[in-house]
Amino acid sequence: MGVRVMVVDDSTFSRAVIADALAEGGYEVVGEAESIDSLIKIYDECKPDVVTMDIAMPGADGFECSKALIMHDPKAKVVLVSSMKDEETEQEAKRVGIVGYVQKPVDAESLVKIINNVMAPDSMYKNLEHSAVDIFKEALAQSITRMTKTTAEFEDGTVGNQAVSQGITVVIGIIGKYSGNMIFDLAVDTADKMAKVILRREAKNREEVVSLVAEFANVVGGVACSMLNKKEKAFGLRVAPPSVFYGEATEVVSPNIQCQNVFAETDFGRMALSVGFKKGSVLWM
Amino acid sequence: MDVNSINPILDAFVNILPQLGFKTIEKKAVKVAESSLRSSGLIVNIGVMGPLKGAILIGMDTDSAKKFASKMMMGMEVAELDSLAQSAISEMGNMVCANACTNFSQSGMGGLDISPPTLLIGKDATIKLSVPKVIGVTFVVDGITIDVYVGLF
Numbered sequence: 001m002g003v004r005v006m007v008v009d010d011s012t013f014s015r016a017v018i019a020d021a022l023a024e025g026g027y028e029v030v031g032e033a034e035s036i037d038s039l040i041k042i043y044d045e046c047k048p049d050v051v052t053m054d055i056a057m058p059g060a061d062g063f064e065c066s067k068a069l070i071m072h073d074p075k076a077k078v079v080l081v082s083s084m085k086d087e088e089t090e091q092e093a094k095r096v097g098i099v100g101y102v103q104k105p106v107d108a109e110s111l112v113k114i115i116n117n118v119m120a121p122d123s124m125y126k127n128l129e130h131s132a133v134d135i136f137k138e139a140l141a142q143s144i145t146r147m148t149k150t151t152a153e154f155e156d157g158t159v160g161n162q163a164v165s166q167g168i169t170v171v172i173g174i175i176g177k178y179s180g181n182m183i184f185d186l187a188v189d190t191a192d193k194m195a196k197v198i199l200r201r202e203a204k205n206r207e208e209v210v211s212l213v214a215e216f217a218n219v220v221g222g223v224a225c226s227m228l229n230k231k232e233k234a235f236g237l238r239v240a241p242p243s244v245f246y247g248e249a250t251e252v253v254s255p256n257i258q259c260q261n262v263f264a265e266t267d268f269g270r271m272a273l274s275v276g277f278k279k280g281s282v283l284w285m
Numbered sequence: 001m002d003v004n005s006i007n008p009i010l011d012a013f014v015n016i017l018p019q020l021g022f023k024t025i026e027k028k029a030v031k032v033a034e035s036s037l038r039s040s041g042l043i044v045n046i047g048v049m050g051p052l053k054g055a056i057l058i059g060m061d062t063d064s065a066k067k068f069a070s071k072m073m074m075g076m077e078v079a080e081l082d083s084l085a086q087s088a089i090s091e092m093g094n095m096v097c098a099n100a101c102t103n104f105s106q107s108g109m110g111g112l113d114i115s116p117p118t119l120l121i122g123k124d125a126t127i128k129l130s131v132p133k134v135i136g137v138t139f140v141v142d143g144i145t146i147d148v149y150v151g152l153f
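In order, the protein sequences belong to chains A and B. Mapping to our numbering: the first sequence position 136 is 136, numbers consecutive. Mapping to our numbering: the second sequence position 6 is 6, numbers consecutive.
One chain only, chain A, in its complex shape (with noise of 0.2 Å):
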């Protein structure tokens, strides 16, 4: 079934225009309103999956009707199209709860990006959650294989957002479509073993060591990425520079982020790598 719009917009020839630009993205326009007056009553009757809102309306703007319509229906999901398009009109957009912000005039092509955009991130974040955690672990055996020619045995973690450090922690914001958190953490006695071999020396010193581990898990972070990337070019993940904590029990937590946890059993010992995304906003342009 396809994707059911409605359009506000005071001017009859904005609607004849968004109508146009929405048929040739294959949606359907279910229904027109040109004020606050019939906007709920309209939206009632024709229960659109995404309404379109002009902002500039005599009597009530945009986000009145915006505000008004998502207190009606807090699942509405709104786009406002609008000629203005500044860095004040989205904050305040977003304070209201719309979801997308196309600007006029509409041209057909991002207003259908957008419009996917709404309609998808759910199926989308719920491939990501579903295949993070496997590409990481392969990502995980692919790096100690190629760096210390040595393989690993897994286990599947518990999902949480807790966990308390063996040693050191190296964490790396993962930033993209949708932003999240790997975590890698391994005790230091697994780490001078690891480094050791990598190393084929001892290291020189913890310094060298710590590095060398955020190096492991930045490599690690990044493969996973760029093959989740590959496996939905959307998701345009990428990750920050490795932050790495090291000293005694360290308990570190991710608030309001799920995550995966996986364990590799190596030859140097355990290693635990934690993967977490949150849901992001939707796209503007």
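No lab work stands behind these hints: they were computed from the structure. Note that the Cβ used here is the ideal one computed from N, Cα and C, for glycine as well. Careful, some of the hints might be misleading.
Calculated cross-link-like contacts (lysine to aspartate or glutamate; reagent style EDC-like; alpha-carbon spacing at most 20 Å) [as the list claims (entries may be wrong)]:
| # | chain 1 | residue 1 | chain 2 | residue 2 |
| --- | --- | --- | --- | --- |
| 1 | B | Lys123 | A | Glu251 |
| 2 | A | Lys104 | A | Glu129 |
| 3 | A | Lys279 | B | Glu91 |
To give an idea of the chain A side of the interface with chain B (calculated C-beta under 10 Å), a few residues [stated by the list, open to error]:
| # | residue |
| --- | --- |
| 4 | Glu64 |
| 5 | Gly173 |
| 6 | Val210 |
| 7 | Glu215 |
| 8 | Asn218 |
| 9 | Pro241 |
Short, incomplete list of chain B residues facing chain A, as computed with Cβ under 7 Å [stated by the list, open to error]:
| # | residue |
| --- | --- |
| 10 | Ser70 |
| 11 | Met73 |
| 12 | Ser90 |
| 13 | Asp113 |
| 14 | Ser115 |
| 15 | Leu119 |
| 16 | Ile121 |
| 17 | Asp124 |
| 18 | Ala125 |
| 19 | Thr126 |
| 20 | Lys128 |
| 21 | Leu129 |
Given chain A's structure and the hints, the job is docking chain B onto it.
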């Protein structure tokens, strides 16, 4: 990066904290450190990507963290740094860094993006960032000492 270039982050800190109920925000000391830091207590790590890369960290000792979380939660008693207190502090970090991105963009550097916050809580931790230099700024916020570390390149 030089000390002035972190102003958008400091402005964000000074801008956001009053919105969370804090009244006096004093900037105490600015220091430039190598890429290693020490922390005893709690630290929020937020990764940054875009034209600048690295991390922004916000740290405080455990007692300060409890006081800070309590203030954020309108004076509710915080005896332990439980998940609610942790979530409050990490949300502060998120708001400050998101606002910093907006400030950077207004001063002509758009396209910065941040990762969700990770909290690290430990007695005596060393933190090594993958950046050449870290700028640390100490703030005293309603009597609570907070360190903001910026490691961006």
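Hint by hint, here is what the structure shows:
no.	hint	verdict
1	B/Lys123 / A/Glu251	holds, 10 Å
2	A/Lys104 / A/Glu129	violated, 35 Å
3	A/Lys279 / B/Glu91	holds, 15 Å
4	Glu64	violated, 24 Å
5	Gly173	holds, 2 Å
6	Val210	holds, 5 Å
7	Glu215	holds, 8 Å
8	Asn218	holds, 7 Å
9	Pro241	holds, 4 Å
10	Ser70	violated, 17 Å
11	Met73	violated, 14 Å
12	Ser90	holds, 4 Å
13	Asp113	holds, 4 Å
14	Ser115	holds, 3 Å
15	Leu119	holds, 4 Å
16	Ile121	holds, 4 Å
17	Asp124	holds, 5 Å
18	Ala125	holds, 3 Å
19	Thr126	holds, 6 Å
20	Lys128	holds, 4 Å
21	Leu129	holds, 5 Å
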